[in-house]
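Line by line, the protein sequences give chains D and R. The first sequence runs contiguously to residue 113 in this note's numbering. The second sequence runs contiguously to residue 84 in this note's numbering.
Please note: incorrect hints may appear among the correct ones.
[Stated by the list, open to error] Footprint (simulated), chain D over chain R, 3 or more residues, beta carbon under 8 Å:
#: 1; stretch: 7 to 13
#: 2; stretch: 21 to 29
#: 3; stretch: 38 to 49
#: 4; stretch: 55 to 68
Honestly, the hints are just simulated from the structure, not real lab data. Idealized CB from N, CA, C, for every residue including glycine.
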Amino acid sequence: MRDLLVQALILLGTIFVLLSSLGMLRFPDIYCRMHASTKASSFGMGCVLLAGMVHFATIDVISKLLAVFVFIFLTAPIGAHILSRAAYTRGLPQHQAKDGATVAPSKTPSGKN
Amino acid sequence: MMTLASSLLGLSLLLCFIRLVRGPSVVDRVAALDLMAVIFSAAVAVYAVSANQPIYYDFVLVLSIFAFFGTVAVGRFVERGDVQ
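Bound conformation, chain R alone:
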């Protein structure tokens, strides 16, 4: 069961990575990276249930905060025209 969930999340990471490589604009790439951060935190949350260790949810919280700040920062830069 946990193997199935982990393989589905790995497939999701692969699909997002294809969009990250192929994305026509920088906004597509930033959106793909944001979704990859969400998928990775979901994988860590699944692993926390699988390993019966709730300490890993701290990592989920910190990763969500960093992904949000990175998305906001790059979105602001793109909107002001600093990044092509």
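Here chain D stands alone, though its shape is the one from the complex:
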């Protein structure tokens, strides 16, 4: 029963990581790619770490995995924010939708720090 739960969690996390890298390859611009790479990959990594917690189930492994979990869920949005702000500051183009509903990147960003 516990092995089945471990395998299901590992398979779910792996599929989410695969979907994240598929979005990284297929999405049209850098902002959509940051959206794909951050959320899905941190959720998949969380599922894999949860599988490790269920599999080992000792207090030292669970505390170590909890540290990794908290670290990944804290740093993935920070890294995505820094990369997206760098792309916006450099004026990388956004994907033009069919109905033209997009916001052009400003060449002179207001907060330059």
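Put chain R on the given structure of chain D with help from the hints.
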């Protein structure tokens, strides 16, 4: 089961590597490298369950820290205009 998970993670690494080669700007390449680090640490975490050795989670923690610092450093450099 572990073979299926490992092959799916290897396929993810391959897709990210294609984006790393083709990426139009340096920010795409940095994002692809960051995602490759996450995929590799997920592969190591799967291997830790498969080999029944929890010592490998130390490697996962250290790799996550190094990937985050590298992403922040390169993002800062790109934002200041030091890297084209």
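| task | Starting from the hint list further up, note which numbers the structure goes against and sort them upward. | result | none
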